[in-house]
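The chain contents come next:
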Amino acid sequence: MSSLITLNKDYNIKVSSNINNYLNPDYVYIPILKDYKLLVKNKEIVRKEQVILINKENTITCPISGVVVGMTDCVLYNGIKSRCLVIENDFKERMFKRNASRKTLNNISFEELLEIMKNKHVYNDNNESLYDLFKEKVNTNTLIINCVEDEPYIVSEEFEARTYINEILEMISALMGILNIKNAKLVFKNIDRDNIECYNNVLGTYPNIKVVLVPDLYLLGKRNLLLKHLSIDSNKVLHLNIHDIYKLYNIIKRNRSISEKLITVSGDGVINPQVFNVKIGTNIGDLVKDNIKLKDGVSCISNGLMAGTIVDYKKLIVTENLQGIVFTKIKECNEIKCIKCGKCSEICPMNINPEEILHSDESKNREKCINCGLCNYICPSYIDLCGKVRGEDHE
Amino acid sequence: MNKPYLHHEIDYKKIILDYLVVLIPLIIYGLYKNGVVLYKEGYISLIKVIYPVLYPLLGGLIGYFINYIFTKKKELNYNMLYGIIIGMTVSFNLNIFIFIIILSLILGACQLFEIKFDFNKMCLIRLLTVIALLVLNKYSYANPLELSDKYSYSYFDVLFGRGVSGICISNTFISILAYIYLSFNNFYKKDIPLMIIATYTICGLIYFAISNEYKPLLNELTTGTLVFASVFIATDSINSPYKKYSKILYSVLIGLLSFLFTRLINSHEGIYLAILLVSFIINFTKINVFNKIRQKN
Ligand code: SF4
Ligand code: SF4
Numbered sequence: 001m002s003s004l005i006t007l008n009k010d011y012n013i014k015v016s017s018n019i020n021n022y023l024n025p026d027y028v029y030i031p032i033l034k035d036y037k038l039l040v041k042n043k044e045i046v047r048k049e050q051v052i053l054i055n056k057e058n059t060i061t062c063p064i065s066g067v068v069v070g071m072t073d074c075v076l077y078n079g080i081k082s083r084c085l086v087i088e089n090d091f092k093e094r095m096f097k098r099n100a101s102r103k104t105l106n107n108i109s110f111e112e113l114l115e116i117m118k119n120k121h122v123y124n125d126n127n128e129s130l131y132d133l134f135k136e137k138v139n140t141n142t143l144i145i146n147c148v149e150d151e152p153y154i155v156s157e158e159f160e161a162r163t164y165i166n167e168i169l170e171m172i173s174a175l176m177g178i179l180n181i182k183n184a185k186l187v188f189k190n191i192d193r194d195n196i197e198c199y200n201n202v203l204g205t206y207p208n209i210k211v212v213l214v215p216d217l218y219l220l221g222k223r224n225l226l227l228k229h230l231s232i233d234s235n236k237v238l239h240l241n242i243h244d245i246y247k248l249y250n251i252i253k254r255n256r257s258i259s260e261k262l263i264t265v266s267g268d269g270v271i272n273p274q275v276f277n278v279k280i281g282t283n284i285g286d287l288v289k290d291n292i293k294l295k296d297g298v299s300c301i302s303n304g305l306m307a308g309t310i311v312d313y314k315k316l317i318v319t320e321n322l323q324g325i326v327f328t329k330i331k332e333c334n335e336i337k338c339i340k341c342g343k344c345s346e347i348c349p350m351n352i353n354p355e356e357i358l359h360s361d362e363s364k365n366r367e368k369c370i371n372c373g374l375c376n377y378i379c380p381s382y383i384d385l386c387g388k389v390r391g392e393d394h395e
Numbered sequence: 001m002n003k004p005y006l007h008h009e010i011d012y013k014k015i016i017l018d019y020l021v022v023l024i025p026l027i028i029y030g031l032y033k034n035g036v037v038l039y040k041e042g043y044i045s046l047i048k049v050i051y052p053v054l055y056p057l058l059g060g061l062i063g064y065f066i067n068y069i070f071t072k073k074k075e076l077n078y079n080m081l082y083g084i085i086i087g088m089t090v091s092f093n094l095n096i097f098i099f100i101i102i103l104s105l106i107l108g109a110c111q112l113f114e115i116k117f118d119f120n121k122m123c124l125i126r127l128l129t130v131i132a133l134l135v136l137n138k139y140s141y142a143n144p145l146e147l148s149d150k151y152s153y154s155y156f157d158v159l160f161g162r163g164v165s166g167i168c169i170s171n172t173f174i175s176i177l178a179y180i181y182l183s184f185n186n187f188y189k190k191d192i193p194l195m196i197i198a199t200y201t202i203c204g205l206i207y208f209a210i211s212n213e214y215k216p217l218l219n220e221l222t223t224g225t226l227v228f229a230s231v232f233i234a235t236d237s238i239n240s241p242y243k244k245y246s247k248i249l250y251s252v253l254i255g256l257l258s259f260l261f262t263r264l265i266n267s268h269e270g271i272y273l274a275i276l277l278v279s280f281i282i283n284f285t286k287i288n289v290f291n292k293i294r295q296k297n
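For the record, the sequence lines run as chains A and B. For what it's worth, the working numbering labels the leading residue of the first sequence as 1, then goes sequentially. For what it's worth, the working numbering labels the leading residue of the second sequence as 1, then goes sequentially.
Only chain A is shown next, with the shape it has when bound in the complex (with noise of 0.2 angstroms):
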C-alpha cells in the first residue's frame, strides 16, 4: 500500500473558535429520496420529530414543527438535484409526547441496546447497520473512536468532539460496559490541539478512555487506513467516528432523532469562516446570505475540496451526510497528455494503477475506488484519473 501524505494546504485557514447557532430557519426542505414513501400531505402541520418519510429499514423525522407548504428542487451535497418536501417554521418547536430522557446510561443491557439499534434503524457514518456491528463486536477488545477529519478546511467533526465532550465520554464509557470492551481510543490529529487538551483535561476519570495522536496525513479519517496506520487488526476493534457515538447518545440517552448538525463554512472564499449548528434541511443560501461574507468569483464545494463537489449553495440543503462547504476560487488547469510519471499508482491507497486503467475496460479495480482524489491532487497533467477510474467518463 502506498504511504499517506500530508496534504498541500492553507494552514493559515482558520475557523471561529466559537460554534454559531442557526436553528430558526423559516423553511426546511427535507430530500423526497428514492423508495421512500411520503407520509404527511401538502397544508398538513407537522410536528418536530415525526415521521414523514420512510421506506423498509429506514424513518426520516421533520427537525423543526410547522405547516407542509409545497415541494421544491434542490441540491443535495453530492451535487444531485432532488425533490424536497418544503416545511414552514412555526418555531414553536412542538413534538408529540414521547418517552422522557434516561437518567444514566449504565443499566443497558445489551439486549436492549440491540433493539434500540434495530427499531430506530441506526446506521454509522459508513452506512452500516449498527445493530450488526455490535452483535459483531461484541466481547472486542478495543474501541477506536476516530476523531479525524480528512478534508482540508473542514472541522464539524472536531468541533462536535470538543463541543459534547461529556456527552461523548459518557456515551464510550457506558458502550464499553454493554459491549463489554477493555480500552477505548480517542484518536485525534496531533494538530487538533484544542481537542487534545480538553480530553486530557477530563480523561483522568475515565482510567481506561486513552487519547492517541496520529500525524496529519490525509484519509486516516478511513477506518481501514487509520487501523493500519496503528498497526491495528479490525477484526479485534470496534471502530466508530465521533459523529456516530453523540448520534447513539442523542437516541439511547435523550431519546432524541438527530435534527441538528454541525455543519463548516470556510475556505480561502470567505472572510469569516465558521462552523454553524443548524437544523437538519436548512438551506445552505440563506445561512450563507445572513451570516457569512464571501470574496467575488468563488465556487462552493459541499463536503470539501478533495472528495467534494461543486454546487450551487443557494439550493443546497443540510442533509446528514452533509459535512461543511468550501469557498474557493477554481483555477483554469489545462489538462495535457498523461507524462508516465507514475505518481497516480504510487499514491493510491487501494493499490489501484488509475494511468493503465485509462487504456483498459478492466472493471475489477474500478469498483475497489474510494473516491479519495488523491490521483487527480497528484497527476501532474491534470488528467481527471478519478472520474476515469470510476467510468464516469469511460465510454
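Everything labelled a hint here was simulated from the structure, so no lab data went into it. There could be a bad hint or two in this list.
[Claimed, not checked] Distance condition first, Cα-Cα at most 20 angstroms in a straight line; then the derived SDA-like pairs of lysine to any residue:
| hint | chain 1 | residue 1 | chain 2 | residue 2 |
| --- | --- | --- | --- | --- |
| 1 | A | 135 | A | 251 |
| 2 | A | 340 | B | 18 |
| 3 | A | 340 | B | 118 |
Please read all numbers here as calculations on a predicted model, not as lab measurements.
Could you slot chain B with the ligands onto chain A? The hints should help.
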C-alpha cells in the same frame, strides 16, 4: 479544474520550469565556450557569438508555437522543452535553417497526427540533424578552435567543459549539478541516469580491461554527451517507464546499447541512438501488452 479542487504543489509547468532553470547554466557555458572564446581567438564574427544561445532559443520558440497552433494554449509545454534541449545538443557546424526545418517538421508532424506510438522525439530529431550534417559533409562536433588542436586538455578540464560535444552540453560538471537539483523533485526519474551511467561504466571497465587502457572510457564519461543525455533525454518522462523493474530494464538496456553504439559508431551518437531504440522497444511492447489485456477481456 477537475475534482479535487486542491492540487499538489508540483504540476507539469513546475516540472518544465525546473528543467529550464538547470539548463540555463549549461547554455551560458555554451555561450562562453563556443561563442566568446572563439570570438576572442578570432575564429568567428561577433554575430556568431550568440549561436549557442540561438539554437536552444529558436528550438524553444518553435516548440512553443507548435504547441500554441495545435492547442491554443499560451503556456510552458513539453514541445518547448524538447526544442530547447535539442538545440543544446546539436553540432556547432549545423546550419541554423536546417535545424529549424527539421525541428518544425517533426514536432509539427507529431502534433498533427497525435502519434499514439510514442518514442523519444528528441533523439529522432537529433538523428535527422546528424544525417543532414553527413549529407552536407559537415559532420563534426569540434569547433574551429578544437579543430586547430591548439591546446591539449586534461580530464579535469574536459569534466569542466573543455571537451568536444554538442553546442551547449560539454560541461559535465554543470550537468551533474543539474542532476542533483532535479533529484529533489519527486517527479524526476532520478534512478535512470544513475543506472545508465553505472551500466555504461561497468561495460567499459570489462571491455577495456583487456587492453588495460581506460582513457577512452574516462573521455566518454567526462565529455558531456553521456551525462547530459542520461540526465535530460533518457529521463523524458513521457517516453520512459515508471515502474521499478521496467526502469531498471530501460536504463540497463540504454547503458548497454549506448556502449555498443559508441564502439560501433562514435561517442557523440551512441547514447542518442540507444535511447531512441529503447524508447521504440518499450512503446512497442507496451502496446502489445495492452492489446493482449483487451483481447482477454
Ligand atoms: S480516487 Fe480511486 S483511483 Fe484515485 S487514488 Fe483514490 S482510490 Fe485510487
Ligand atoms: S499521475 Fe497523471 S501524468 Fe502521472 S502517470 Fe498518472 S495519469 Fe500520467
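Going through the hints against the structure:
no. : hint          : verdict
1   : A:135 x A:251 : holds, 18 angstroms
2   : A:340 x B:18  : holds, 17 angstroms
3   : A:340 x B:118 : holds, 12 angstroms
Violated hints: none; the structure is consistent with every hint.
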